[in-house]
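Asks: Top to bottom, those sequences are chains E and S. The numbers in the numbering used here rise by one with no breaks, and the one at position 478 of the first sequence is 478. The numbers in the numbering used here rise by one with no breaks, and the one at position 51 of the second sequence is 1051.
Hints were generated in silico from the structure; no laboratory data involved. Fair warning: this is a prediction, and the values are worked out from it, not measured in the lab. Each residue gets a CB set at the ideal place from its N, CA and C atoms; glycine is no exception. Treat the hints with care, since some could be wrong.
What the hints assert, rightly or not - Distance ranges between label pairs, derived from CB positions:
#: 1; chain 1: E; residue 1: 114; chain 2: S; residue 2: 1125; range: 29 to 39 Å
#: 2; chain 1: E; residue 1: 132; chain 2: S; residue 2: 1164; range: 44 to 54 Å
#: 3; chain 1: S; residue 1: 1007; chain 2: E; residue 2: 504; range: 53 to 63 Å
#: 4; chain 1: S; residue 1: 1154; chain 2: E; residue 2: 170; range: 30 to 40 Å
#: 5; chain 1: E; residue 1: 403; chain 2: S; residue 2: 1078; range: 52 to 62 Å
#: 6; chain 1: S; residue 1: 1132; chain 2: E; residue 2: 120; range: 46 to 56 Å
#: 7; chain 1: E; residue 1: 127; chain 2: S; residue 2: 1154; range: 32 to 42 Å
#: 8; chain 1: E; residue 1: 563; chain 2: S; residue 2: 1075; range: 46 to 56 Å
#: 9; chain 1: E; residue 1: 84; chain 2: S; residue 2: 1007; range: 48 to 58 Å
#: 10; chain 1: S; residue 1: 1078; chain 2: E; residue 2: 106; range: 35 to 45 Å
#: 11; chain 1: E; residue 1: 132; chain 2: S; residue 2: 1075; range: 16 to 26 Å
What the hints assert, rightly or not - Pairs of lysine-lysine, BS3-like flavour, derived with a Cα cap of 27 Å:
#: 12; chain 1: E; residue 1: 387; chain 2: S; residue 2: 1029
#: 13; chain 1: E; residue 1: 437; chain 2: E; residue 2: 408
#: 14; chain 1: E; residue 1: 387; chain 2: E; residue 2: 434
#: 15; chain 1: E; residue 1: 306; chain 2: E; residue 2: 533
#: 16; chain 1: S; residue 1: 1110; chain 2: S; residue 2: 1029
#: 17; chain 1: E; residue 1: 530; chain 2: E; residue 2: 306
#: 18; chain 1: S; residue 1: 1029; chain 2: E; residue 2: 408
#: 19; chain 1: E; residue 1: 80; chain 2: E; residue 2: 127
#: 20; chain 1: E; residue 1: 133; chain 2: S; residue 2: 1082
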Amino acid sequence: MPKLKVDGVEVEVPAGTTILQAAEVAGAEIPRFCYHERLSIAGNCRMCLVEVEKSPTPVSSCAMPVGEGMVVHTQSANAKKARAGVMEFLLIHHPLDCPICDQGGECDLQDQAMAFGFDRGRYREAKRAVSEKHMGPLVKTIMTRCIHCTRCIRFATEVAGVPELGAVNRGEHMEITSYLERAITSELSGNVIDLCPVGALTSGPYAFTARPWELRKTESIDVMDAVGSNIRIDARGNEVMRVLPRLNEDINEEWISDKTRFACDGLRRQRLDRPYVRRNGKLEPATWQEAFNAIAARVERTSGGKIAAIAGDQADAEAMIALKDLLAALGSSHIDCRQDGAKLDPRARGSYLFNTTIAGIEQADACLIIGADVRHEAPIINARLRKRWLRGGFAVGVIGPRLDLTYKFDWLGEGTRTLEDLATGRHPFAETLKNAKKPMLILGQGALRRADGARVLGLARRIAENGGLVREDWNGFNVLHTAAGRVGGLDLGFVPGPGGKDVADILDAAGKGEIEIVYLLAADEIDTKKLGKAFVIYQGHHGDRGAHRADVVLPGAAYTEKSAT
Amino acid sequence: MSAQAEPVTFAFTPEYRARADKIIARYPKGRQQSALLPLLDLAQRQAGWIPRAAIEHIAEILEIAPMRVEEVVSFYTMFHGKAVGKHVVWLCTTTPCWLCGSDDIVARCKQVLGIELGETTPDGMFTLLETECLGACVNAPMVQIDDDYFEDLTPDSVQAVLEAYKRGETPKPGSQSGRHTSEPAGGATTLKSRSATR
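Starting from the given sequences, assemble the full structure and let the hints guide the process.
Replies: Following this line, the structure appears as structure tokens:
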């Protein structure tokens, strides 16, 4: 391990570490634009120049590996002058339109120009302007502001796996664009907004709506998919303005999916803001008391066995347990949180968890994906699979639809026959799993939702057992959920009790009139036409399908507005 | 300007494809993208320029993203991303050529072809382009037409070259003043006698 001195502090770092990383260990701050620890090294912005003794020129610290006995100065006159010079060059063609730029207030260029730049520029000639580019409705571009750090290109190519961004022309004429100015086809495209150190790529929907210093920042967890990405919700007053990722190495690293990022605009639309009661076939605004009275009147003359409850995909654990207790008190065991009818077994916790953990994917060396569109169901997990795949030595097999997952895989087939072959070891991929040190499988909801979902689950279990996926030191059996509240619901036992009906049976019974009251806890992903003449209580935050069918609507808080689990 | 429309499809002719395969085979497996530059050159020789369809065809052959090909095409000035004439005339106007009178050469070319720099003649025969130094300063001023250098030019001699191309001839490349390669313009000044030494 080479030893070196950074600003007089001696540090010892593993060979291959860059000067910039060593400086961080030594506690010295080096400005940078193009360098990003999760992307490959480009070394093209030159902002990280430092002085290294015995080197005739300043060295770009992000691209230079440390050497034994190096003496690095990050604060010497030469280093400062070099960086100030680079900053002056970067600002030559930067429009300095900060007052009308959405990045203003959280801009690396602004901050670093303040900290490391001159107080004025000497450039008096014409600035260049870059024609507008188009990258789709989510990522807004003002390419004149671009400093060509190429972070977005590297992100799209490496992390997102969609090599659609690139730099055309060269030198002063270099421009970042997507191929033929098509919209980026990634579910992670919004992350380039965070990566862009200047205001060239900003959020389209958020454009000109708020300034960062006006926003109240609340740390939270996303519910748009079952990944549980760590997010920060930025609100002004009572309005959610945007959602940003929060660092969590075990889950989302520092990325979030576009759905997570951009779904917050829906929080302003079609909200249930007061109770409603259906009178003469029409939902009319009511007071809470009127709503409760209407429910009580109906519940009083209905026996417990004719009441059922369905929990939605985003229902929180607190609400589910309260509803479960309520139904138990009323004498009903007809509760279910599996709206889509997935044949998940609530008795064995290991059979419905993502046991490997997301970070654990990086240790796996073979993966079987069964009936899951990982790329769209959980883009963050797909990015982790791709990250593992890029490192090499990762065999991926897919049973189910043949999709573009951004990495190469063996398509093994479609349907349960392939699954059977794998379970009995007839399929060659079974050998791959067996030979792998840490094999894993991902079972998607698409496979479990089928009529023979239980059989699929059983076969997957056999594959796991035969392939050595589940051992004391390694659990490679994973169920990929699409609903954020599903595991919580299963953990709490929000499933039919003894003699209870599941979602399909509840709907059937409601259609036949055997179930008279259905309590929908933000459950919209069911066929509401099947509810028949049942009295429907809908509790939720959006006027979606469930609320339209309801007889009483109780407004609730969305995920950004309450504390829940 | 005869703006040639983007062809919908492009594919190497069997002959060009054979050459492309030969080039690709030079690189180790998994490193086919190294053949990008020569393949683009082939495409330009076949089509005269590199249309969008050719970018996508080559990207497919080399299994890389079209954007990666597009980057390379736009980076190098010798690749034409837009349609050009049958003959591309590169006029060098960098300092040595300029000092030796490239302004006059440019003026005469414009006059003879009736177009400005960056334009293509209406008959699609010539495209006039300006270029930085092509490294033939000893024989300045010079122009490059297609793959050939024409050196030691005067306005008259460059006109003669262009006229020859117009007639469909292939003029002799190299110095147009009669000197041999880049030997001294006024004849040899040293090593005149065979028996100087030994």
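Asks: Which hints, by number, does the structure contradict?
Replies: 1, 5, 6, 16
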